[in-house]
Amino acid sequence: MYAFNYHRPNSLDAAAQALAANEDAKLLAGGQTMLPTMKQRLAMPSDLIDLSGIAELRGVCEDGDAVVVGAMTTHAEVAANEIVRSKIPALAKLADGIGDPQVRNRGTLGGSIANADPAADYPAAVVGLGATVKTNKREIAADDFFVGLFETALEPGELVVSVRFPVPEAAAYAKFDHPASRYAIVGVMVARTGGGVRVGITGAAPSAFRQTEMEQALAGNFAPDALDGISVSADGLNGDIHASAEYRAHLVGVMAKRAVIAARG
Amino acid sequence: MPDSGIGAAVKRREDFRFITGRGRYVDDINRPGQLYASFVRAPIAHANVRGIDTAEAEKAPGVVAVFTGEDLEADGVGSLPCGWVVTDKHGEPHKAPPHWPLVRGKVRYVGDHVAVVIAETLAQARDAAELVEVDYEDLDPVVDLAQAGEGAQLHDEAPGNLCYDWELGDKAAVDAAFEQAAHVTKLDLVNNRLIPNAMEPRAAIGEYDVGSDSYTIYSTSQNPHLLRLILCAFVLNLPEHKVRVVAPDVGGGFGSKIYAYAEETVCTWASKKLNGKPVKWTAERSESFLSDAHGRDHVTHAELAMDAEGKFLALKVDTKANLGAYLSSFATAVPTYLYATLLAGQYATPAVHCNVRGYFTSTAPVDAYRGAGRPEATYVIERIVEVAARDMKMDPAELRRKNFIQPDQFPYQTPVALVYDIGDYEPTLDKALEMIGYRDFAQRRAESEARGKLRGIGFSAYIEACGIAPSAVVGSLGAGVGLWESAQVRFNPTGSVSVFTGAHSHGQGHETTFAQLVSEKLGVPYEQIDIVHGDTGQIPMGMGTYGSRSLAVGGSAIVKACDKIVEKGKKIAAHLMEASVDDIEFDGGQFKVAGTDKAKGIGEIAFTAYVPHNYPEGVEPGLDETAFYDPLNFTYPAGVHIAEVEVDPDTGETKIVDWVAVDDFGKVLNPMIVEGQVHGGIAQGVGQALLESAVYDDSGQLVTGSYMDYTMPRADDFCEFRVGMTVSECTHNPLGVKGCGEAGAIAAPAALMNAITDALGAEIDMPATREKVWRHAQAKLKAAAE
Amino acid sequence: MLTVTMTVNGQKVAKDVDPRTLLVQFLREQLNLTGTHVGCDTSQCGACVVLVDGKSMKACTMLAAQADGCEVTTIEGLAKNGELHPMQAAFKEHHGLQCGFCTPGMIISAVDLLQQNPDPSEHEIREWLEGNICRCTGYHNIVKAIQHAAQDMRS
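Chains as they are written, first to last, in the numbering used here: chain Y, 1 to 265; chain F, 1 to 786; chain H, 1 to 155.
Hints were generated in silico from the structure; no laboratory data involved.
Keep in mind that this is a model prediction, so the values were computed, not measured.
The C-beta atom is built at its ideal place from N, Cα and C for all residues, glycine as well.
Possibly wrong hints are sitting among the right ones.
[Unchecked claim] If you anchor each label on the Cβ, the simulated ranges turn out as follows: (1) Y/Ile241 - F/Arg451: 52 to 58 Å; (2) F/Glu130 - Y/Pro156: 34 to 40 Å; (3) Y/Asp65 - F/Ala442: 41 to 47 Å; (4) F/Pro61 - H/Gly54: 57 to 63 Å; (5) F/Arg50 - Y/Ala21: 40 to 46 Å; (6) F/Ala472 - Y/Asp240: 50 to 56 Å; (7) F/Glu58 - H/His123: 53 to 59 Å; (8) Y/Asp65 - H/Glu124: 40 to 46 Å; (9) H/Asp152 - F/Ile29: 57 to 63 Å; (10) Y/Ser233 - F/Glu73: 38 to 44 Å; (11) Y/Ser233 - H/His123: 55 to 61 Å; (12) Y/Ile261 - H/His123: 16 to 22 Å.
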């Protein structure tokens, strides 16, 4: 790890200021990706701004027909939270399957989506549930948030405050995990809401995305066989030693079906 | 069942320190004034080094020194040797290019050691290592084993990158048998490259003492004496009596900690250079991936000739073995003498021939990894036998049974040099069939199919040569060392016993099992016996632990030392009880005068030996005996593993639904520990077959360089293992034991691949990744539908 | 340099650290608590697992500064009044360890499991151990040890 200056501000404003003050400053949320990256000397921030001292970033609350999760809420907290478990059990289950128990005790929602790892689980939830990301500057719709590989709509000096997940009528997440890292090779969040069906996919492509053909088919018939005949193209999908693009494309179909079955209960 | 002697499942005494965090591994040790080393490693696979600029690094904060190969060369530091000379089929010794601890002029794999930075703190050493500027001239890497002969030449000494072209067996007899064959089964196989991944990364501290002109090396070694021998005699030219190697608690080895590596060599040399400042190095896991010796990595073509009834007539095997960029300490022996000699398996195949070509490539050195050659041999035999059964439409269990060496054929001379002393293979097979419920397999398969799953069953009837090894035999085959073991059994005056063994425990539980053994032999309470290992300063001499040899060879040495104790004790007892030595019997810790009720406890005899006021004439005081044991033959553990799997054709996931292992390890000293060894071995074998594979890309970069990409087996990859035993005692060692440490890793890959290919109805290579399995499962379903 | 203060195994400690000091380095090098091990650099192996404010975390993926003000329990602090924690006892009784290197993290992780789920199924145990790699045991006896510890702790 390279040397850096460490800050632990206790307000959002102070954090934003510290971030703005140093071009090479980085935010430290749960650190479950940031610290390994730094340990391998793949990142060298001049300053590390630890967000754990900011109380307002943590916690879960109900807000009308939505559940709002603070950016610094850990995966374990989301998984165990009564509101999440009763309103959006699919989200609790997704959080409960991230990494391993120790990672879940430190890793956070905000850190995960801001990092936008193509294989992270949360992006599927943000996209699939049609969430809204609240930052210190604005609100960003799920469809606009993930821009590309490790790329989001967040601007310099902008940080995630919370994510607002609308409560779906039914939803489920199915994951095919990476054998070594246990990230998602493919993860599919299927959600049915009053407004229709959303299918959010992670792992398969450089960035989380919606599968609109599946959404339309499921809107007409929210059943696994509605997906029969939809073939997912391998074009543009990720391929590596653990799964080719073609295999990932196939798995999107399998996981989507499994999610639908689970969502139907 | 005794509660602490031979055969008892005694709980391990070493556990207390490990479960309370009081273990003492090398990285836990810190020496006063110690400095930290960080190695500058080659970022490219094959290049000329035109220059190394260390100026910036030397100026960095805390840096004490930066050394390169030139510094070592100027000091006369030698090459890391390969200790086994393999003579090729033309009578020439293998090509032995130098392996400098720090490179001289050329790098040959990613991770090769270019320079070392030594600083006051670890962070400073690592910071400064990035400041070393190396001017590389890129050369073509040689990555693909199959094409290694045509690639750029890595070493001047090895044209065509060929280390040796070696053979074993009677080729004419094999060719003749193939001409008579009613059926020939052919198979191409890849034995995938593995990275050992002991959980404790390698570490070393080199410490030179100016006052006594001597060295202490703390090292994560499986064989401290051997490391000392190699460093002193071949690399650093040090007097052996001035060097102490300590291998304290070591967190797993699996072969990877047998060898002498560049890092401990450089730390030791540098400590003297720096006037006795201790120099410490601990591998980061990423360094372990790059530079621990890897395992396996063969491509093989095999053919099995049979008569019309399925009797094996001959086996011929052609193997290319990847040796990596340099020869590690025993690299040459692994794909030759530890491999081809096992190709008879459990079968009475009359003729076997094997040709092995060992190649240099621009990848990490390859050497012994749990099983070392024997898993590769078992994989060839047990895969081709299974495929032969499929070809012949015979039951795979019955085809094996038909070809087993029969009990009345022992001692059995195989066509590939070894003489099996004993074995009884049918009862082992029968027990395994019974345990797995083989008769009902078809029913289980149908039940799986009804759920849309493909079920398969696979066998592996393995044999291994353990208890390595008779010195004269291995010497005649090119080994540079003898492979005996030593033991010293020392009574302390108050009756407790210290046992010094040259075997080294890095998870095997010697402190418990060896104490059980001595307790049984000498009748001394288990609690009063202490086992000392891992320190050349305390132990007379030793060859260390690998090749499932600790009990068969090291334990036998202990028995011999105990026998000497008893022999001497009898003289003392005879004197004290005024009897003839010939009338003294020893049993359960008591020296008795035969036919009387006169007896003396061994504790009293020990006390008398140290306080010899009333003592037999001509007998030396003290009760402290050393023995060396050189085995007469290898031992031959054998057994049958059966795996049952269920494949999900939608995703290609393979679930292991049942695993039965029935092993014949001869006499078992501590069944709890033996079963633990079997479990761990199976997990490593399953890892090879299902999950693990070291992958280099075309440029020679290690793609699987961390746990993010190299798939380590986890708890949820396994079902419970069911372990059974049969016993035929080894005939030539005093304990009747055979060794158990490698069996699981030897047996498991073939069993699992036979099960998966049975489920798929297609042949695939290891590892059976989910994508590979998915493709074949889909093809099977498609074919069935058509 | 930063000053960090925390309670480790019941003892309050305050030390100056370089900001880049990981919790595991702090424990091993500054407090000489070498029972917590480092087995990888990518947060997978779990040899470094400790309890931070009662929850299991990877001490290699946490700055010492992030543990400021926290209560940390390492393997050395698990036995109380000279008596082994039931999980420690179960690992010994059921041969849940061989080389011992992964063991401290494995035990601490298992302790956390039983805090959350006092009666886990075999499947739940195996899933929980996702973040702990053992190369020696094939996990067989680790699972058994945890099952027995759960039984002992419930009774």
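Now the hints, each set against the structure:
Distance hint check: the CB atoms of Y/Ile241 and F/Arg451 are about 30 Å apart, inconsistent with the given range 52 to 58 Å. Evaluation of the 34 to 40 Å hint for F/Glu130 and Y/Pro156 yields a failure: the beta carbon distance comes to about 27 Å. For the pair Y/Asp65 and F/Ala442, the beta carbons lie near 55 Å from each other, so the given range of 41 to 47 Å is not met. For F/Pro61 paired with H/Gly54, a C-beta distance near 39 Å fails the hint of 57 to 63 Å.
Between F/Arg50 and Y/Ala21 the beta carbon distance is about 43 Å. The supplied range of 40 to 46 Å therefore holds. Checked against the hint of 50 to 56 Å, the C-beta distance between F/Ala472 and Y/Asp240 comes to roughly 51 Å, which is consistent with it. For F/Glu58 and H/His123, the hinted distance range of 53 to 59 Å is satisfied, since their beta carbons lie about 56 Å from each other. For the pair Y/Asp65 and H/Glu124, the supplied restraint of 40 to 46 Å is violated, since their beta-carbon distance comes to about 33 Å.
For the hinted restraint 57 to 63 Å between H/Asp152 and F/Ile29, the CB-CB distance of approximately 35 Å leaves it violated. In this structure the hint that Y/Ser233 and F/Glu73 lie 38 to 44 Å apart at CB is violated, the actual value being about 58 Å. Roughly 36 Å separates the CB atoms of Y/Ser233 and H/His123, a value that falls outside the hinted 55 to 61 Å. Look at Y/Ile261 against H/His123: about 20 Å separates their beta carbons, and that is inside 16 to 22 Å.
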